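Visitor: These protein sequence lines map, in sequence, to chains A and F.
Per this note's numbering, residue 4 is the first one in the first sequence, and the count goes up by one each step.
Per this note's numbering, residue 564 is the first one in the second sequence, and the count goes up by one each step.
Derived by calculation from the structure, the hints in this document are not laboratory data.
It should be emphasised that the depicted structure is a prediction, and the values quoted were computed from it without experimental measurement.
The C-beta atom is built at its ideal place from N, Cα and C for all residues, glycine as well.
Don't take each hint at face value.
[To be verified] Here are the computed lysine-lysine pairs in the DSS-like style, where the Cα-Cα straight-line distance is at most 30 Å:
1. A:LYS365 with A:LYS176
2. A:LYS466 with A:LYS439
3. A:LYS411 with A:LYS398
4. A:LYS163 with A:LYS375
5. F:LYS785 with A:LYS442
6. A:LYS326 with A:LYS284
7. A:LYS427 with A:LYS390
8. F:LYS785 with A:LYS118
9. A:LYS86 with A:LYS115
10. A:LYS86 with A:LYS442
11. A:LYS82 with A:LYS164
12. A:LYS365 with A:LYS326
13. F:LYS785 with A:LYS466
14. F:LYS570 with A:LYS115
15. F:LYS725 with A:LYS115
[Unchecked claim] Simulated coverage check for chain F against chain A, where a stretch passes if three residues somewhere in it have a Cβ under 8 Å from a Cβ of chain A:
16. 599–611
17. 616–630
18. 750–756
19. 802–811
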Amino acid sequence: MKKIMLTILATVFVFTISACKAGNGNLNHVADTGGVNTGQQPTEHSASEPDQPKGLGAPSTTKQKTVVFSTFFPSDYFKEAKKKYEAKHPNITIDLRSVETDNAHLEENLEKFAKTTGTAMLSGQGPDLIEMDQLPSGDYVKQKLLANLGEIIDQDPDFKKEQYFTNILEGIKVNGGMYGLPIGFFIYGLMGNEDAIQKSGVTFDDSHWSWEQFIATAQAMTQGADKDHQYALGGSMPEYMTVQFVNERYATFVNQEQKNANFVSGDFTDLLQQVKTLFDKKVVSTEARFPLFKTVQVNSPVDYIRELRMSEFLSGGNAHTSKLYLSPNADPQHPGGSFRTYQTIGLNERSSVKAEAWDFMKFLLSDEMQGKPDGAGFPLNKTSYAKKAQALVQKGSIESDQPIGPMKGKSFKITQQDIDDLDKFLDGATYPLQFKPSKIDEIIAAEAQAFFAGQKSADEVAKLIQNRVTTYLNE
Amino acid sequence: MSRLQRKDWTAAVLFLAPSLIGFSVFYLIPFAAGLLYSFRNSTIGGAFVGFDNYEAVLSSGSFRKAAANTLLFTGVSVPLIIALSLCFAHLLNRRLFIRNWLQTAFVLPLVVPVASIVMMWQVLFDWNGTLNMWLQHWHMGRIDWMKSGGSMAVLTVVYIWKNIGYNIILFLAGLQSIPKDYYETADIEGASGLHKWLHITSVYLTPTMFFVVLMSIINSFKVFRETYLIAGDYPHDRIYMLQHYMNNMFMSLDVQKLTAAAALMVAGILLFVSVMLMTERRFRSFME
């Protein structure tokens with residue numbers, strides 16, 4: 004009797020388990036047939052499915068399809084794109100999902116979003132399109148959850164690379180593959196006090212300068228300046244500067260292949276010391292009032308003009324003209340500026356509506372959407388950017404966006420020359436900065452603080468960083 | 564007869580069903596699925612890869628470090644807490660006028676929310692915390708408690724502080740259930756205190772001891788929660804535990820390594836527990 008009951012129980016178990024498996028199997032099936040050829044393994048593909056056309060093919064115009072698009076923050080840009088796209092393609096629904104959050108629960112909700120999206124992707128039920136900004140895109144790529152857009156682009160004659168900022172498209176490649184396309188990007192540089200630079204008579208070539216050169220030049224320029232003007236660089240924190248320096252010579256400190264870190268080394272303690280010297284010698288300061296250079300993030304042409312012209316309206320005899328320069332780079336052999344992508348969108352490798360999702364993505368990057376004046380960041384679409392810039396030049400001036408303070412109600416002049424200057428930076432931006440700081444960045448920044456506060460020696464800090472980074476690399 | 568038996572069985576199964584279903588849905592089936600994943604190279608549409616994932620996990624330096632740390636922590640803190648709680652249980656087993664108060668005080672840490680414990684811990688042991696302030700005041704130089712070899716000692720202190728009350732209560736119950744007659748007989752026969760303890764107390768306390776050891780081991784795994792809340796996902800490598808490894812694998816979506824590591828850990832615990840249960844069974848038959 005006992006045995007019979009046990010058998011029944013066992014069967015029940017087996018049943019539930021196999022039922023689960025059957026469900027999974029079904030899902031696989033859908034994903035396999037739906038996820039049309041991406042050409043990832045061309046040989047295998049041509050052998051097994053000879054009739055499949057190359058690439059994703061055209062989106063369906065008759066069948067009802069739903070593309071799920073998941074973002075963390077709600078975005079008006081995406082909402083409008085959805086409206087316009089659905090009007091054009093009545094059979095396709097864009098299911099736009101975002102997380103409702105407030106500042107108090109931001110971190111908690113971000114973690115939850117990352118967890119649920121990750122799990123959904125792993126179980127094959129993730130959204131078709133995902134905004135990757137808040138997600139660990141490196142892990143997604145490693146787990147092969149995202150489609151290689153580079154291959155899709157190569158096989159899609161409609162997508163003309165030259166219409167976009169090709170330097171950005173090149174810059175975002177990971178191991179030769181492209182796993183996300185940004186809607187926009189920001190660029191970084193140094194805003195220099197042009198009057199002071201001219202007056203000092205020191206010349207320099209910002210397209211090839213190392214940090215050492217920058218420091219020497221800056222010190223020559225700021226010699227004998229008063230307290231407010233003695234700093235060469237403002238707006239930087241020592242720990243983030245350390246992170247930046249490390250990332251510029253990443254290979255010196257981290258060997259991803261052999262999984263070892265090299266922070267307990269003269270290289271790193273020298274680096275820490277170098278950063279400290281910069282702050283001690285008053286070359287750099289966090290609270291410098293009128294530094295010679297200041298690190299800026301330029302968000303849009305309008306933003307560029309504002310950053311550039313604002314200094315001309317400073318009161319108290321501090322008014323000066325400004326000019327954007329390239330930041331020094333640890334590797335002067337490979338000049339170029341840095342950029343950071345914004346609203347990078349990835350395509351789920353297992354999506355059943357890949358063709359439609361890709362079509363919507365192209366729509367997001369089309370001139371129709373990118374030409375809108377209020378999108379954040381420089382549009383990836385070059386034509387749209389050129390149009391925007393031209394419109395600004397024709398308008399001739401830009402209103403200040405500050406509701407109070409000395410800049411209130413001021414209007415800034417804009418000329419073709421400004422746009423030409425800016426173009427050089429846009430086309431020269433080749434170094435991507437990650438949207439999110441990496442785990443290693445976080446560790447370095449956290450540990451370096453104690454060194455700059457004078458609480459720990461460089462060696463101690465280096466050991467701690469080495470200790471924690473090694474754990475991370477060896478997982 | 565057989566009909567009666569069948570009736571019994573049906574009733575038993577019916578009564579067991581709710582917990583059985585809950586247990587299988589939330590533990591057994593997920594674990595079985597996890598075990599299956601640990602032999603595949605992808606969560607969906609993957610192929611069977613044998614022990615590749617296990618090899619990857621075992622070749623990971625961080626996993627080995629985590630396993631060693633977990634073993635070390637459990638190996639040091641469990642004997643320590645057992646010894647301490649046994650001592651306190653003996654003390655409390657006497658007539659003390661503040662006995663009830665002391666008992667309450669010992670159990671209190673169990674009901675304090677983790678968040679406030681972590682808060683206190685941070686205030687005390689942080690690099691810029693109270694303890695370091697005192698040290699500096701006495702010119703002894705600061706110690707970065709959570710980021711040095713001493714971090715595990717801190718962890719042990721907190722673990723003992725939090726769990727000792729529970730163990731004391733269990734030991735007290737065990738001590739009080741030993742018949743007084745045995746001690747009286749021993750007294751009459753002139754046995755020494757040590758003799759009494761060795762031949763009466765320790766023998767009759769052994770079943771309780773097994774239970775307490777098991778619970779302490781399980782609780783020693785739970786100290787991860789506090790560690791994670793205070794030192795984050797990549798703490799100093801002295802307190803990097805198996806759960807850190809698994810949690811980080813989950814966050815980086817590496818289900819294969821996660822499930823393989825979990826399977827290894829379960830195998831380890833299972834081995835240990837079955838050895839313990841076997842010894843207990845031996846002990847019982849010896850008692851009878």
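Visitor: Does each hint hold? Answer for all of them.
Guide: Evaluated hints:
no., hint, verdict
1, A:LYS365 with A:LYS176, "holds, 18 Å"
2, A:LYS466 with A:LYS439, "holds, 25 Å"
3, A:LYS411 with A:LYS398, "holds, 20 Å"
4, A:LYS163 with A:LYS375, "holds, 20 Å"
5, F:LYS785 with A:LYS442, "holds, 25 Å"
6, A:LYS326 with A:LYS284, "holds, 25 Å"
7, A:LYS427 with A:LYS390, "holds, 17 Å"
8, F:LYS785 with A:LYS118, "holds, 21 Å"
9, A:LYS86 with A:LYS115, "holds, 28 Å"
10, A:LYS86 with A:LYS442, "violated, 38 Å"
11, A:LYS82 with A:LYS164, "holds, 25 Å"
12, A:LYS365 with A:LYS326, "violated, 35 Å"
13, F:LYS785 with A:LYS466, "holds, 28 Å"
14, F:LYS570 with A:LYS115, "violated, 48 Å"
15, F:LYS725 with A:LYS115, "holds, 29 Å"
16, 599–611, "holds (count 4)"
17, 616–630, "holds (count 5)"
18, 750–756, "violated (count 0)"
19, 802–811, "holds (count 3)"
Checked against the numbered hints above, the structure breaks hints 10, 12, 14, 18 and satisfies the rest.
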